[in-house]
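Engineer: This is what each chain is made of:
2 protein chains.
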Amino acid sequence: MSGMDLWAWGEDAEQPRILHSMVRVGDLDRAVAFYRDALGMNQLSRIDVESGRFSIAFMGYGEAFHTGAIELTHNWDHPANTEGYTHGSGYGHVAIGVPDVHATCERLRAAGVAITVEPKILIEGGPALAFVKDPDGYSIELIQTSRRPAGAP
Amino acid sequence: MSGMDLWAWGEDAEQPRILHSMVRVGDLDRAVAFYRDALGMNQLSRIDVESGRFSIAFMGYGEAFHTGAIELTHNWDHPANTEGYTHGSGYGHVAIGVPDVHATCERLRAAGVAITVEPKILIEGGPALAFVKDPDGYSIELIQTSRRPAGAP
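Chains as they are written, first to last, in the numbering used here: chain Y, 122 to 274; chain V, 122 to 274.
Okay, chain Y solo, but in the shape it has when bound (with noise of 0.2 angstroms):
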């Protein structure tokens, strides 16, 4: 349990916030992998709980994990480690924003992810977006936040 600050609330300790969302991982070195080297997120903080025979490890953009982040759970000994987890038709996604939705595509199709939904304007006037997939089957979406022209440098 190194590493984290159980208490990495900042000043807004006494304001409700959303702190993270929780996914189940088969394999949490290749879960983090993705995110930190495919997404570009750092890793956050991990615990490896022996008692629990659980290992959870936070994934972000920023330094600390108040602000919003994703939380790996890898379960040490389920079964879905080897026969893959089940996705349910009630969750969705966790959504990205990115300066440029297009490179961010191009640049993960020459790492191997698949590219689930191309990017394309859903909502005339509105961001770019696509969608991808994590290593265990979740959908990740991807928005474009910078105004620049799609597919500009």
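Note that these hints are calculated values from the structure, not bench results.
Same chains, same label: a pair holds when it works inside one copy or across any pair of copies.
Calculated cross-link-like contacts (lysine to any residue; reagent style SDA-like; alpha-carbon spacing at most 20 angstroms):
| no. | residue 1 | residue 2 |
| --- | --- | --- |
| 1 | 254 | 210 |
| 2 | 241 | 174 |
| 3 | 254 | 213 |
| 4 | 254 | 153 |
| 5 | 254 | 143 |
| 6 | 254 | 228 |
| 7 | 254 | 211 |
| 8 | 254 | 209 |
| 9 | 241 | 172 |
| 10 | 254 | 208 |
| 11 | 241 | 170 |
| 12 | 241 | 173 |
| 13 | 241 | 168 |
| 14 | 241 | 137 |
| 15 | 254 | 238 |
| 16 | 254 | 264 |
| 17 | 254 | 137 |
| 18 | 241 | 252 |
| 19 | 241 | 175 |
| 20 | 254 | 234 |
| 21 | 241 | 143 |
| 22 | 241 | 177 |
| 23 | 254 | 223 |
| 24 | 254 | 236 |
Since we're looking at a predicted model, the values are computed, not measured.
Start from chain Y and add chain V according to the hints.
Structural biologist: Positioned in the frame of chain Y, the structure of chain V alone reads:
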């Protein structure tokens, strides 16, 4: 689509960031009421798309939806609206930081919300946490963010 700024990314449009998590819900008004009245979030925006026969509402604690939000999607004609969405084994929960998890759970219980895990400290020295279910059966983790003594007013 009134009232929604499609480019409300603030000053950080050039930096990637985690934007929101999306879940599908069977009754949008019921879900909005839960996140607003029981959890104290604001409805940040709502879009009704006649052509796609869906509505989405963004819920969060801030005034805009670029720093952490929950997207509630309602597909008008989906059979899951009456049959219920399935949850699979993979997706876990959204975590919400609250100043006093005991007080929050008491308030939610009084409002008829199911407390699935009563407040407890999982890791010595860490915050108390609890789990509740939203009206569509999604797990919400509540994590105490203030260091006030457990249960103190």
